[in-house]
Amino acid sequence: MENLLDRLVNAYRSASRKQKIRAGLLGFSLLACLALAIAGGSPPPNGAAADSSPLYFIGVLVKLAGVLLLIVGGGVLAMRWARNSRHLKRGGQMSLVESVRLSPKQALHLVRIGGQQFLVGATDQGIALISEVELPPADEMEPAIPVGADFNHLLQGLVNVNRTFKS
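Position 76 of the sequence shown, counting from 1, maps to 76 under our numbering, and the rest follow consecutively.
I should point out that these hints are in silico values taken from the structure, not numbers from a laboratory.
We put the CB at the ideal spot given by N, CA and C, even for glycine.
Hints may be right or wrong, so weigh each one.
Claimed, not checked - Listed next, with one range per pair, are the computed distances between beta-carbon atoms:
1. S14 / W81: 16 to 26 angstroms
2. R13 / L68: 26 to 36 angstroms
3. P104 / I58: 40 to 50 angstroms
Sequences and hints are given; from them, build the entire structure.
If you want it as structure tokens, here you go:
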């Protein structure tokens, strides 16, 4: 038994992050199934289901729908959590700042490595460095929309700009 436990611990330590998430979801699912089996009560005696009222079958369907919704909802939430980069606290020097999809098979990526930023083009055939990018710090950049501006003010400014271009 101790040998099996040691093998499981070693396998967990050497597993990738994705494998650890899958193992956690599997363990949670097994515990949830066990809890539902314990809390579900005993089945009716033989032949009693056929003689039961329609409310018995409605209750079974409602419980089945609830369990299926919990399973699907838990899976969706777990996948969103796993994909969210804020939960991936990596201490590495490289990070993806922003990505822009040009087509289904082409994208531009702004990558930060240490203190430098690079613009990289990616296709399904390969990746190419486009250029090194020097952006001012975020606190020095002007916001795209002025802070505190209401919609009427922004719309009036757009109309004035269009009038100057037409004349």
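Hints, verified against the model:
{"no.": "1", "hint": "S14 / W81: 16 to 26 angstroms", "result": "holds (23 angstroms)"}
{"no.": "2", "hint": "R13 / L68: 26 to 36 angstroms", "result": "holds (34 angstroms)"}
{"no.": "3", "hint": "P104 / I58: 40 to 50 angstroms", "result": "holds (46 angstroms)"}
Violation of the numbered hints given earlier is absent; every hint is satisfied by the structure.
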